[in-house]
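Chains A and B are the protein sequences, given in the same order.
Reminder that position 36 of the first sequence reads as 36 in my numbering, one-by-one numbering, no gaps.
Reminder that position 68 of the second sequence reads as 68 in my numbering, one-by-one numbering, no gaps.
Worth flagging that the hints you see were computed from the coordinates, not collected in a lab.
Quick reminder that beta carbons are idealized off the backbone N, C-alpha and C, glycines included.
One thing to keep in mind: the hints can contain errors.
[Said to hold, decoys possible] Taking lysine-lysine and the DSS-like style, the derived pairs with C-alpha atoms no more than 27 Å apart in a straight line are:
{"id": "1", "chain 1": "B", "residue 1": "LYS56", "chain 2": "B", "residue 2": "LYS2"}
{"id": "2", "chain 1": "B", "residue 1": "LYS56", "chain 2": "B", "residue 2": "LYS67"}
{"id": "3", "chain 1": "B", "residue 1": "LYS42", "chain 2": "A", "residue 2": "LYS57"}
{"id": "4", "chain 1": "A", "residue 1": "LYS14", "chain 2": "B", "residue 2": "LYS42"}
{"id": "5", "chain 1": "B", "residue 1": "LYS102", "chain 2": "B", "residue 2": "LYS67"}
{"id": "6", "chain 1": "B", "residue 1": "LYS102", "chain 2": "A", "residue 2": "LYS9"}
[Unchecked claim] Negatives, chain B to chain A, calculated, CB over 10 Å:
{"id": "7", "residue": "PRO10"}
{"id": "8", "residue": "ILE18"}
{"id": "9", "residue": "ASP27"}
{"id": "10", "residue": "SER43"}
{"id": "11", "residue": "SER82"}
{"id": "12", "residue": "ALA90"}
{"id": "13", "residue": "LEU98"}
{"id": "14", "residue": "GLY101"}
{"id": "15", "residue": "LYS102"}
{"id": "16", "residue": "VAL108"}
[To be verified] Label pairs and their computed distance ranges (CB to CB):
{"id": "17", "chain 1": "A", "residue 1": "THR54", "chain 2": "B", "residue 2": "ALA17", "range": "42 to 50 Å"}
{"id": "18", "chain 1": "B", "residue 1": "GLY16", "chain 2": "A", "residue 2": "VAL112", "range": "42 to 50 Å"}
{"id": "19", "chain 1": "B", "residue 1": "ALA17", "chain 2": "A", "residue 2": "ASN70", "range": "44 to 52 Å"}
{"id": "20", "chain 1": "B", "residue 1": "GLY41", "chain 2": "A", "residue 2": "MET27", "range": "17 to 25 Å"}
Residue strings, one per chain:
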Amino acid sequence: NAGVTQTPKFQVLKTGQSMTLQCAQDMNHNSMYWYRQDPGMGLRLIYYSASEGTTDKGEVPNGYNVSRLNKREFSLRLESAAPSQTSVYFCASSAALSGGYTFGSGTRLTVV
Amino acid sequence: QKEVEQNSGPLSVPEGAIASLNCTYSDRGSQSFFWYRQYSGKSPELIMFIYSNGDKEDGRFTAQLNKASQYVSLLIRDSQPSDSATYLCAVYSGYSTLTFGKGTMLLVSP
Chain A
1 NAGVTQTPKF QVLKTGQSMT LQCAQDMNHN SMYWYRQDPG MGLRLIYYSA SEGTTDKGEV
61 PNGYNVSRLN KREFSLRLES AAPSQTSVYF CASSAALSGG YTFGSGTRLT VV
Chain B
1 QKEVEQNSGP LSVPEGAIAS LNCTYSDRGS QSFFWYRQYS GKSPELIMFI YSNGDKEDGR
61 FTAQLNKASQ YVSLLIRDSQ PSDSATYLCA VYSGYSTLTF GKGTMLLVSP
């Protein structure tokens, strides 16, 4: 049982490059989330998808786009990477908030 | 703006002691409360959740909730060096998302 799978685990980008972070869950969860984690800032919500077919902005959506491809997959796209987007990105999913989130293993992104 | 506050620590305790981790939240309408453990370089993992005032015990862990004081805590009994990690408090206040505190680092010395 894989849970939440994120790819890639590590990535280095040059300023202005684009990339997509992939996330897939096999737990039949309805809701999926993208967070970034920076030292001293904690986990901050970028975008979320409460159910298949819906997406909403979180606390820090600027510079990002998302796609809920189907119930299993939720991708995060950086169209033009900036050094301020250097961070660790976590995808998470939940069946219902009563049970909390299950997190993926994270993507460590460096933008130079 | 919903806020969840935690002391960043580090909280240092000797092996075998009780570690007490605290969290306050700003939204009086918050419904559910979660504690996650995050080892360095790893992703957060759920330890416990609590919805009702009072205590909830699971093994060496006890979560305590006081909604009137907007306060939730996590007690770890018989602390072990393997408990050394950052503990994140998270609060559900609606709208399908959790708000996380910045975490408290716990160091358990042998």
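Cross-check of the supplied hints:
At most 27 Å may separate the alpha-carbon atoms for a hinted pair to count; LYS56 (chain B) and LYS2 (chain B) meet this at roughly 24 Å. Restraint check for LYS56 (chain B) and LYS67 (chain B): the C-alpha separation of about 14 Å stays at or below 27 Å, so the hint holds. Of the pairs offered as hints, the one joining LYS42 (chain B) and LYS57 (chain A) holds, with about 25 Å between alpha carbons and a cut-off of 27 Å not exceeded. Using a Cα cut-off of 27 Å, the hinted pair LYS14 (chain A) and LYS42 (chain B) holds, with the two alpha carbons roughly 25 Å apart.
With a C-alpha separation of about 20 Å, the suggested pairing of LYS102 (chain B) with LYS67 (chain B) holds against the 27 Å cut-off. With a CA separation close to 23 Å, the supplied pair LYS102 (chain B) and LYS9 (chain A) stays within the 27 Å bound. Consistency note on PRO10 (chain B): stated as away from chain A, and its beta-carbon is indeed over 10 Å from all of that chain's, at 14 Å minimum. For ILE18 (chain B), the shortest C-beta to C-beta distance to chain A comes to about 24 Å, beyond the 10 Å cut-off, and the non-interface label holds.
Against the 10 Å criterion, ASP27 (chain B) stays outside the reach of chain A, whose nearest CB is about 14 Å from its own CB. Remark: the non-interface label on SER43 (chain B) conflicts with the geometry, its nearest Cβ contact in chain A lying 4 Å away (cut-off 10 Å). Once the 10 Å rule is applied to beta carbons, SER82 (chain B) is consistent with being away from chain A; the minimum gap is 19 Å. Against the 10 Å criterion, ALA90 (chain B) falls within the reach of chain A, whose nearest CB is about 7 Å from its own CB.
At roughly 6 Å, the least C-beta separation between LEU98 (chain B) and chain A is not larger than 10 Å, which violates its mark as non-interface. With a cut of 10 Å on Cβ distances, GLY101 (chain B) falls inside the contact zone with chain A, its closest approach being about 6 Å. Separation of LYS102 (chain B) from chain A is inadequate, the least Cβ-Cβ distance of about 4 Å not exceeding the 10 Å criterion. Against the 10 Å criterion, VAL108 (chain B) stays outside the reach of chain A, whose nearest CB is about 22 Å from its own CB.
Between THR54 (chain A) and ALA17 (chain B) the C-beta distance comes to about 46 Å, which sits within the given range of 42 to 50 Å. A C-beta distance of roughly 46 Å is found between GLY16 (chain B) and VAL112 (chain A), which places it inside the suggested range of 42 to 50 Å. For ALA17 (chain B) and ASN70 (chain A), the hinted distance range of 44 to 52 Å is satisfied, since their beta carbons lie about 48 Å from each other. At roughly 24 Å, the beta carbons of GLY41 (chain B) and MET27 (chain A) sit within the given window of 17 to 25 Å.
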